[in-house]
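Which chain is which? The protein sequence lines are A and B, in order. Count along the first sequence from 1, then add 1; that gives the number in our numbering. Count along the second sequence from 1, then add 1; that gives the number in our numbering.
If you're looking for bench data, these hints aren't it; they were derived computationally from the structure. In this text, a Cβ means the ideal position worked out from N, Cα and C, and glycines have one as well. Honestly, I wouldn't trust all of these hints.
Below, in silico cross-link-like pairs of lysine-lysine (BS3-like), each with a Cα-Cα straight-line distance of 27 Å or less [to be verified]:
(1) B/K278 x A/K239
(2) A/K197 x B/K327
(3) B/K325 x A/K300
(4) B/K325 x A/K199
(5) B/K327 x A/K239
(6) A/K298 x B/K199
(7) B/K197 x A/K325
(8) A/K278 x B/K278
(9) A/K199 x B/K326
(10) A/K326 x B/K325
(11) A/K278 x B/K197
(12) A/K325 x B/K278
(13) B/K298 x A/K197
(14) A/K432 x A/K24
(15) B/K371 x A/K209
(16) A/K106 x A/K61
(17) B/K145 x B/K371
For each label pair, taking beta carbons as the anchor points, the in silico distance ranges come out as [unchecked claim]:
(18) B/S296 x A/P164: 38 to 44 Å
(19) B/E86 x A/D38: 48 to 54 Å
(20) B/Y103 x A/M218: 54 to 60 Å
Number of protein chains: 2
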Amino acid sequence: MNNILIIGAGRSSIALINYVLKKAQEFQWFVTVADADPQLAESKVNGHPNGRSTWLDVMKVNDRKELIERADVVVSLLPAHLHLEVAKDCIRLKKHLITASYVSKEMYQLGNQARENNLIFMGEMGLDPGIDHMSAMQKIEEIKENGGKLTAFRSYTGGLIAPESDDNPWHYKFTWNPRNVVTAGRGTAQYLEGGKYKYIPYRRLFTKYRPVDIQGMGEYEVYANRDSLLYREVYGLKDIPNILRGTIRAKGFCDAWAALVKIGLTNGTYPILDSEKLTYHALMEAFTSDEPGNSVKEKIAHLIREEPNSEVMQKLEWLGLFRKKKINLPNATPALILEELLLDKWKLKKTDKDMIIMQHEFEYKLKGKKKCLISTLVLKGVDATDTAMARLVGLPMGIFVRLVMQGQIKTTGVNIPVMKQVYEPVLEELKEYGVEFIEKEIDL
Amino acid sequence: MNNILIIGAGRSSIALINYVLKKAQEFQWFVTVADADPQLAESKVNGHPNGRSTWLDVMKVNDRKELIERADVVVSLLPAHLHLEVAKDCIRLKKHLITASYVSKEMYQLGNQARENNLIFMGEMGLDPGIDHMSAMQKIEEIKENGGKLTAFRSYTGGLIAPESDDNPWHYKFTWNPRNVVTAGRGTAQYLEGGKYKYIPYRRLFTKYRPVDIQGMGEYEVYANRDSLLYREVYGLKDIPNILRGTIRAKGFCDAWAALVKIGLTNGTYPILDSEKLTYHALMEAFTSDEPGNSVKEKIAHLIREEPNSEVMQKLEWLGLFRKKKINLPNATPALILEELLLDKWKLKKTDKDMIIMQHEFEYKLKGKKKCLISTLVLKGVDATDTAMARLVGLPMGIFVRLVMQGQIKTTGVNIPVMKQVYEPVLEELKEYGVEFIEKEIDL
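Pulled out of the complex, with its shape left as it was, chain A reads as follows (with noise of 0.2 Å):
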């Protein structure tokens, strides 16, 4: 096994390639990156001797399959659900495959062709999902090793800024993909409290966060995610009574974003009419009806339970939602409309350093004993381009295409990073690149 494909040369790609490349040239392997646009591909590969960038046109069904035929490990970037179609070509060409993505049905479907023909499809092997796995399972075997029985397990994560390039009201800015931020949530939370399973609609679900202090750097806010309750069997969890995934937000960003949901511009579902005539002011009083006030923002007020100069209505008029300036979209949704606008107030600037945390909360009983084992871990980019996100995403699956290439992985078919031949490894080399977790173990 000498070749690598990597399918994806977007701004997630970085870190895998700089990794991937160090590698050849010491293993002497050979890499191709592929991507829409060669250009991109190009300048990633830099004129790297163990590398070379192509042109590809993924809907192209042989071009495609020429390129996966002369490779050995292949990794996707693609959207997610481009995913199945280059799996169906590692199935036919007998490759392995490598993704960050989410495990579609459809993927875990093609599990026992990937099995007979011996073949290592991994996916969820980024960041979350990725590390997170790998971090809790490290951590949860290491307890019932220990004879320790779990009784909560939750897990936050989030993108962040980092404080020194926090600069605005909500203390966020866009480390990933915006369209993904603006529709957080949407559908209702499911969690498990004291053995009883808990939901929260996405009307409430941003009013519903709660403080948490993350070791080394204070107070945040963490709202429920949807899939809680995904992963208890894979984790080996099965009968835990309380278990919480969350997203970790700044302080004060959770009010402000619940505000947005309530006015009901996080909505996708319909378009507001004449859009590209409107300004962001008059899009707001159409929101409003019967509320007392004298102006769009006493109303908006009133309708959000606020006073007009909150740190609520501040961040709002801060966005600009209270401006005569023109939304120059036609017949967009608000959800469109809103992501357009925090795309220009929440960029990136180049010099911006990113921040990813992400906090487990391990409670078990050891010898009659509570115990509360908290794991974290917080890693901050260099600049906007070597950002934290593209490393935590890029180095898990770089350090597994390395594993894959020198036979270390023994299992077979559609995974995720749960088992110990992976995450050991994985993790351990991820603190050679300041990827490591912090402990901390409390009695309760």
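On the provided structure of chain A, position chain B as indicated by the hints.
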């Protein structure tokens, strides 16, 4: 022409079938009533010399075509999604078609074919939609003919319980499709006010009701419908600056329904896990999280910002939402659990009278003066079988059947009843059945 086919003999069919059978005797027509339940059809025809009942599974194409072939006019009381196949048969077999359902886009696309074959396809020929179109159009055209210029049109309808049969704190019982009541308002209500589009998201729809004085009945509440903007063009009100359609409820209903929405009980998008093992009390608990309070009731009161003994809380309590009684529905959505509960609590007793209220408000300028015409219909049913709802849905269709049979309708193609040749004779004859609008004109 002397054969009429009525497909569907459910509870909305009584007034229609009785009317058509009576006229059949007078004019020597023959009426076939077809239903998947032949006994139901038989009970409606009830041995009438001009009628017969027959069994029909509407999905059996040949049976359906055979029946339609023998008719001159077809009335479909089927669920809305089944009309289209009947309509296509009617095109092929050259038969007129009448329904009380909203005309779908697909149905409108049959317009040319219907016209080419000289066929009358009339939809929205019931109460709402139906009588609302006809009664509004009559007044709109009257005002225009007198030289008035309309500045506002508001139209409200409610299927309610008559005061003498009102014996529960919600002042509401099911007189129509329960599912439609539980899902009412999902989406975003749009309307026009002062020339500006206004939007009310579902999350606050039931908090943004307006008090409306109904002539002769006192004060009710109205919440906005989704479709206020829909009929501007067909009503000839393209440039009107104020338009609102709404649903009428008794005082106090909307605040209490808003509480159900807020808690999350009207959500139909996900199943409550193990719902068959839960009590209503446990379900309510599952929607609470960090609210203060010593009991689930207190926590819910806090969640909906009510005092534990407020009128809203009393309504929830009356529904049995805090009782430790098993739900007994497996994997049901909150909306389905609520629907099942309400089916029991809001059931019409045999002797209960329902009541339909419809009120239009037309604001207009005439010779420099601002006026408002208020036109109101109130009709009560006789008992739980002979309901005002069934009369007001069935009689317009019956009268229209007569008009078609007697060759008095000249317009062909797919239509809704907004033309004078339809609304004038229908509204006139409805008066014989006690269906009459009272009017009041006030200077503004």
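Now the hints, each set against the structure:
1. B/K278 x A/K239: holds (19 Å)
2. A/K197 x B/K327: Holds - the C-alpha atoms of B/K327 and A/K197 are around 16 Å apart, at most 27 Å.
3. B/K325 x A/K300: It is violated: about 42 Å lies between the C-alpha atoms, which goes past 27 Å.
4. B/K325 x A/K199: Between B/K325 and A/K199 the Cα gap is close to 17 Å, so the pair holds against 27 Å.
5. B/K327 x A/K239: holds (25 Å)
6. A/K298 x B/K199: holds (16 Å)
7. B/K197 x A/K325: holds (16 Å)
8. A/K278 x B/K278: violated (53 Å)
9. A/K199 x B/K326: holds (19 Å)
10. A/K326 x B/K325: violated (55 Å)
11. A/K278 x B/K197: holds (12 Å)
12. A/K325 x B/K278: violated (54 Å)
13. B/K298 x A/K197: holds (17 Å)
14. A/K432 x A/K24: Holds, at roughly 17 Å.
15. B/K371 x A/K209: violated (49 Å)
16. A/K106 x A/K61: Between A/K106 and A/K61 the Cα gap is close to 24 Å, so the pair holds against 27 Å.
17. B/K145 x B/K371: holds (14 Å)
18. B/S296 x A/P164: 38 to 44 Å: holds (42 Å)
19. B/E86 x A/D38: 48 to 54 Å: Holds - the Cβ-Cβ distance for B/E86 and A/D38, about 49 Å, lies within 48 to 54 Å.
20. B/Y103 x A/M218: 54 to 60 Å: holds (56 Å)
In the structure shown, a violation is registered for the earlier hints numbered 3, 8, 10, 12 and 15, in ascending order.
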